[in-house]
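J.: Listed below are the residues making up each chain.
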Amino acid sequence: MDIDKFVFSPPQISTAVTNSIEDARTDPTMLSLGLPALNEFVMARKDKVIGLLGDTSQGKTSLMSEIARNMSTQIDAEHGEIGIYVTWEDNMEDFGMGDIANFSKIPLVSLYNGQVKEHEFKKLMQAATERATTPLWIIGHSETSGMRPQLTMTDVCEAVEWIVAKQGRKVRFMCGDYLQRINRRDTNERDTRMQFSAIMDAWKNLALAYHPSVFVGSQVSRDKVEKHKWRQPQIHWAMETSNFEHTCDAALSVWMPSKSNDAWKMGDQLQDGITVTKELLLVEILKQKKGATQILKALDFLPEYSMFLPYGRGEAMRERLQREAVNNAI
Amino acid sequence: MRFDVNAVLQKADLLAYVERAGGNLKKNGDRYSCACPLHFGDNPTAFSVYQKDGRYLWNCFTGPGCGGGDAITFIQKFQNLNFKQACEWIMGGQIEDSETMLRTAQERLRQAELETIAAAQREDARRQQMRVEERHNLYHANLASRQWMRETWTSWGIDEGMQDFWNLGGCDDFFVDGEYHTPTLTIPVENTDGELMTIQHRLINPKNPKDKYRPDRKGLHAHPFLTVPRMGYDGGIIWVMEGAKKAMVTWTRSDVDWQCIGVPGQEMYKHLIEKLRPVASRVIVVPDPKAETKALLLAKELNCRFLELPQKIDDHILMTEMKQDQLYKLFQQSRKV
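These protein sequences, in sequence, are chains L and V. Just so we're aligned, residue 443 is where the first sequence starts under this note's numbering, counting upward by one. Just so we're aligned, residue 1186 is where the second sequence starts under this note's numbering, counting upward by one.
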């Protein structure tokens, strides 16, 4: 065993720490999440895993894809840097449709139902070009393939290796959507919790091997959520499924109070002047190594455009986009 | 069985063999034509059967090494047989007269070589004649007096400056296959030495809407269109696509050191393999939507980039008002296959 790989002398420690601080000061490898409410609290760093907890249909996938789009604009595509979104949930077409809706501002439901109007076709094609030039690759499945490959983490590692070796790309960030859908048959564990632990370890290993920032989405159990009136997922709610808390270097959770309509009504006051609206999405920083935690931030989320805005601006933006659509049609 | 090549040819029925091979022969004057059944081409007039000295002969104008010949040659190619086996296939029995057989085969080989040389000379002569006549200059001169020609080129995304750069032109009345007349727009195609190789006529009112191009005269072979001929099969980025028009539109948004190659029909992709192999890392193949198969074979052979777009590249460039930096980003994000 190579002992000097894991024993460090005080001067080594001192030098390594100073170098690390120096790197962080001017670090081009840190990526901003691109969400104004969160940028000052959380940055995506290489080799680190950030967890994103949320109940079903609370905007987990949308937030992760928004973060992926935002980070894609910061990386050096000219020199082959890319981001990778690994999806077990949506197929590639459905995922890309969210991007196209975001770029074109044509409502997602219109795209999904093929109801794009003649005057919107140019916008659609411009959005298609924008998507085609966004350095965000997908590992997953296509609706045209007629089957879901149900990827294991071993498959994902092979795909990443292919992207790095054959395509000559450097992976700057990865998103995994989401933990509970990952095929566990390669984990060699019988116990479900141990299987998820192995999967989280695989994500961490990917981060260490290829040096991207990694985001992993995880669902929380509905039983847990519905026991509470305040349904912002907490990190220990993920404990039963894996070593999520221990593996993640940082963790966020998402919650849309308007969807908890058995507990909250529109117009209810939450805290710090935040009111329950149709668009409100709360993000909490649950864990962050060497950083602030238990910080709650409010955003507005327009699911139909796959769009995130500062709190309080959602409704006005929706009205503006609808007005523009009507004007363009005329 | 004694061997007599005339007896074999007399028994052979070339028209039936072609149809058996999948050729859907259509009579056109004193010739028959169809898509080539030997290389499974899709140009409906690329394969021709005609009579010479009372004997049926065939020729494929576009295929990779299909060539031409008589019924025996056709069976050789169709059934992948040697000369002796092809004669036996036609006669339905074994031929043991090996000496005559060998002599005949050698004689036919000599004749085929002579015919190849003669065909090349004829092609060269046709090109020479075309150069002398400077027909492409006449076609180009038409742009000055026919506003519709200029306007059509412009509406296709090629402005007046670029029309003059490529010496594009038009023809008021082009006679297609001796069947019907249509106006055309013309594209002169040069080789890497700047020599005129052919003139492509883009049919304005074709009988079949899928039927788009014809050469200026019969027998002129199809050649890839290079937007900057003297740059050769090279460039900072080398874009390969189907059709000269797409190559031209793409080049109007390109960097000056990029080359765009318009391939005249999918069959021609494979002829580019050796030319592009040394520069494969800079090559990107852009197929038409739903016509990817042969383009993909080229890209796989070169291990180069492959770009799928939701619509044809020229339509996409024009509709989205694409700029050079976006084209460059498309190159960057496309995958190697």
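Please note that the accuracy of each hint is not assured.
Claimed, not checked - 30 Å max Cα-Cα, derived DSS-like pairs, lysine-lysine: (1) K739(L) - K707(L); (2) K1514(V) - K565(L); (3) K1475(V) - K564(L).
As the list claims (entries may be wrong) - Incomplete in silico selection of chain V near chain L, CB under 7 Å: (4) P1495; (5) M1504; (6) L1515.
Said to hold, decoys possible - Far from chain L, some chain V residues (derived; all Cβ distances over 10 Å): (7) Q1261; (8) Q1264; (9) T1289; (10) G1342; (11) E1345; (12) P1368; (13) E1506; (14) M1507.
Simulated from the structure, these hints should not be mistaken for laboratory data. On a predicted model such as this, the values are computed, not experimentally measured, just so you know. Note that beta-carbon positions come from the ideal geometry of N, C-alpha and C, so glycine has one too.
J.: Work down the list of hints and note, for each, if the structure agrees.
T.: Quick rundown of the hints versus the structure:
For a cut-off of 30 Å, the pair hint linking K739(L) to K707(L) stands: about 19 Å separates their Cα positions. A C-alpha spacing of about 19 Å is found between K1514(V) and K565(L), which places the hinted pair at or below 30 Å, so the restraint holds. Between K1475(V) and K564(L) the alpha-carbon distance is near 21 Å, which keeps this suggested pair within the 30 Å criterion. Checking P1495(V) against chain L by beta carbon gives a least distance of about 5 Å; that is within 7 Å, so the hint holds.
With a least beta-carbon distance of about 5 Å to chain L, the hint placing M1504(V) at the interface is held under the 7 Å criterion. Look at L1515(V): its Cβ gets to within about 6 Å of chain L, closer than 7 Å, so that hint holds up. Non-interface call for Q1261(V) relative to chain L: holds, since the shortest CB-CB distance, roughly 41 Å, exceeds 10 Å. The claim that Q1264(V) lies off the interface holds: its Cβ sits roughly 37 Å from the closest Cβ of chain L, which is beyond the 10 Å cut-off.
Its beta-carbon lying about 53 Å from the closest one in chain L, T1289(V) satisfies the requirement of being farther than 10 Å from that chain. Under the 10 Å C-beta cut-off, the non-interface status given to G1342(V) relative to chain L holds; the minimum distance is some 15 Å. Distance to chain L confirms E1345(V) as a non-interface residue, since its nearest Cβ pair spans about 25 Å, more than 10 Å. Every Cβ of chain L is farther than 10 Å from the Cβ of P1368(V); the closest lies at roughly 29 Å, confirming the non-interface assignment.
Once the 10 Å rule is applied to beta carbons, E1506(V) is inconsistent with being away from chain L; the minimum gap is 8 Å. For M1507(V), the condition that its CB be more than 10 Å from all CB atoms of chain L is violated, with the nearest at approximately 6 Å.
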